[in-house]
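There are 2 protein chains.
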Amino acid sequence: MNIVLFRDCQVRVMEETVTNAEKYFGQFCLLLAAYTRKTARLRDKADKLVKQLIDFANTENLEMRTTLRNFAEDLAKVQDYRQAEVERLEFKVVNPLKLYGTQIKQTQAEIKKFKHVRNHEIKQLEKLEKLRQKSPSDRQMISQAETCVQRASVDAGRTTHQLEETVNAFQKQKLKDLQKILSDFVTIEMVFHAKAVEVYSSAFQTLERYDLERDLEDFRAKMHGVHRPYGPRDARPLTDTGPAAAAPWSLAQSAQSTMRSQRKEAESEDSSAEDPVEDLRGQGQGLHH
Amino acid sequence: MNIVLFRDCQVRVMEETVTNAEKYFGQFCLLLAAYTRKTARLRDKADKLVKQLIDFANTENLEMRTTLRNFAEDLAKVQDYRQAEVERLEFKVVNPLKLYGTQIKQTQAEIKKFKHVRNHEIKQLEKLEKLRQKSPSDRQMISQAETCVQRASVDAGRTTHQLEETVNAFQKQKLKDLQKILSDFVTIEMVFHAKAVEVYSSAFQTLERYDLERDLEDFRAKMHGVHRPYGPRDARPLTDTGPAAAAPWSLAQSAQSTMRSQRKEAESEDSSAEDPVEDLRGQGQGLHH
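Top line first, the protein sequences correspond to chains A and B. The numbering used here applies: residue 1 is where the first sequence begins, and numbers increase by one. The numbering used here applies: residue 1001 is where the second sequence begins, and numbers increase by one.
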C-alpha cells in the first residue's frame, strides 16, 4: 500500500497547488479589476475638475485665465496618461488573470481523472485482500485478482506520471505568468507615475509664473469700466487657443477639442515603438494595436 | 443719473466676481474632495491586494514566497505614500476651499448693504424729480429734497468706496489663495508620484531577481515528499520577517505588523523637516503636527 499512500501525498500537494491558484488568482483578478475601476473613477473626477477650471478661467481676467487654462491642460494630460494606464492594466493585468480560470479547470480535470484511476486500484487491492481471506485456496481466482491489481497499478502509475507532468507544467506556467503579470503591473504604474511627475512639474511652473499684481490691475480697470479685451497684452500667444480675443464660449470649445486631441496624442505616443512599457518588457507587440 | 449708472456697472462686476467665486470654488471643493475620496478607495483596494499577496506567498515555496512578500511590502509602501497624499489633500486643498464659503458670505453681505444705500439714493432722486414736476415753484421743498439727495449721494459714494475696497481685497485674496491651493495640489501629487516611481523601481527589481528554476526544483522536491523547510537556503536573511522557517500564520502576522510600522515610518518621514511639500512651498508648519 506504500506506493498508494505516496501517490495520495503527491496528489494532495498537486490539489493544494491548483486550489490555491484558483483561490488567489481569482482574488488577484477581482482586486486588480477593482483597482483599475477606481483609477478610472479618479480620472473621471479629474476630468470634471478640468472642465470646471476652464469654465472658471473664462470668467477671469487674462492673467488668471491663461494660468488656469494652461494648468487645466496639464491636469487633462495627466488624465490622458491615467486613461492609458487603465487600458494597459485591463489588457496586460486583468485579462491574463481572467483567462487563468481555463487553465486551472483543465488541471483540475486531470486530477479528477487520476483520482478515479486511483480509486479503481484501491478497489482491486481490496478485492484481492478479501479473496485471500475468504478463499485462500482458490489459486485461480487469486491469480486473476492479482492480474487485475497489477493492471490497475500500472494504470495508476501511468496516470500519476501524466498528472505530475501536467501539474509541473501548470506550476511552471503559473509562476512565470505571475512574475510577468506583476512586472507588467509595476511597469504600467511606474510609467504612469513618471509621466505624472513630468506633467505636474510643468503645471507647477505655470502656477509660479502667475503675476498677481498684473491681474489685480486688470480687475481694477474692469471695475472702473476700462475694458481692454483687444489690448496689446491680450495678443500674447496662447498655446492652446486661436485668437485670444475670442468669446468665452469659443475659448472653452477650442480648449476642449485641444484636450481631446491631446488625449489622442498621448495614446498614439504610448502605442508607438518607443512605448516604455514595451521597452522595459522587451516585447514586440504594442498595447493599442 | 450717470454716477448711479456707473455705480450699477461697478456693482455688477463685483457681484459677478463674488457669484462666480461662490459657484466655482464650491465646485472645486466638491470635485477635489471626490478626487481625494477616490484616491482613498484606490489605496483600500491596493491594501487588500497586499493582504492577498501575503496570504498567497505563504502557500508558495521559498523563492516565490520571498519575491511576493518583498513585492507586497513595496506595494504597501506606495499605499502609505498614498495615505499621506490623501491626508495632505484634505488638509491643504479641500479644507481651505471649504473655509472659503465664509469669506464669500461676508463679501456678499457688503454688496447687499451697498444695494440698500443705492436704492435709498435712487428714491431720493425720484422724489426730487416728482417735486420739480408737480410743484416747481415750491423752492423750500425742492431745496430740502436736494439736500436729501446730496446726503444719499454722499452715503452711496462712501459705501461704493468701501465696497470697492472690500471686493478688491476679496479678489486679491481669492487669486492668491487659488494659486496657493493649486500649487499645493500639484506639489502633493508630484511628491506622491515621485515616491511611487522610486518604490516601484525597487519592486521591479525584486521581480527581476526571481529565480523560476530554483522555485521549480523546490516544487518537484515537495511533490516527491522531500521537505526542506530548515534547509540552508531557508536561512537566507529575509528583510521583513523573523526566522524564515516560522509557520505561515506567524509569517503573515509579522508581515502585517511590518506593514503597519512602515506606514508609521512613511508618515513620520513625511512630517519631518525634510518634507518635500514643505520644502517646495517654503512653509514652516508641517502637515502632521
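FYI, nobody ran anything at the bench for these hints, they're computed from the structure. Please note: incorrect hints may appear among the correct ones.
Just the calculated beta-carbon pair ranges, DEER-fashion [what the hints assert, rightly or not]:
hint : chain 1 : residue 1 : chain 2 : residue 2 : range
1    : B       : E1217     : A       : Q144      : 42 to 52 angstroms
2    : A       : Q144      : B       : D1211     : 45 to 55 angstroms
3    : A       : S201      : B       : G1225     : 22 to 32 angstroms
4    : A       : K180      : B       : E1016     : 26 to 36 angstroms
Where is the CB? At the ideal position from N, CA and C, for every residue including glycine.
*Looking at the structure, which of the earlier hints fail to hold?*
Numbers 3 and 4 - these are the hints that the structure violates, sorted from lowest upward.
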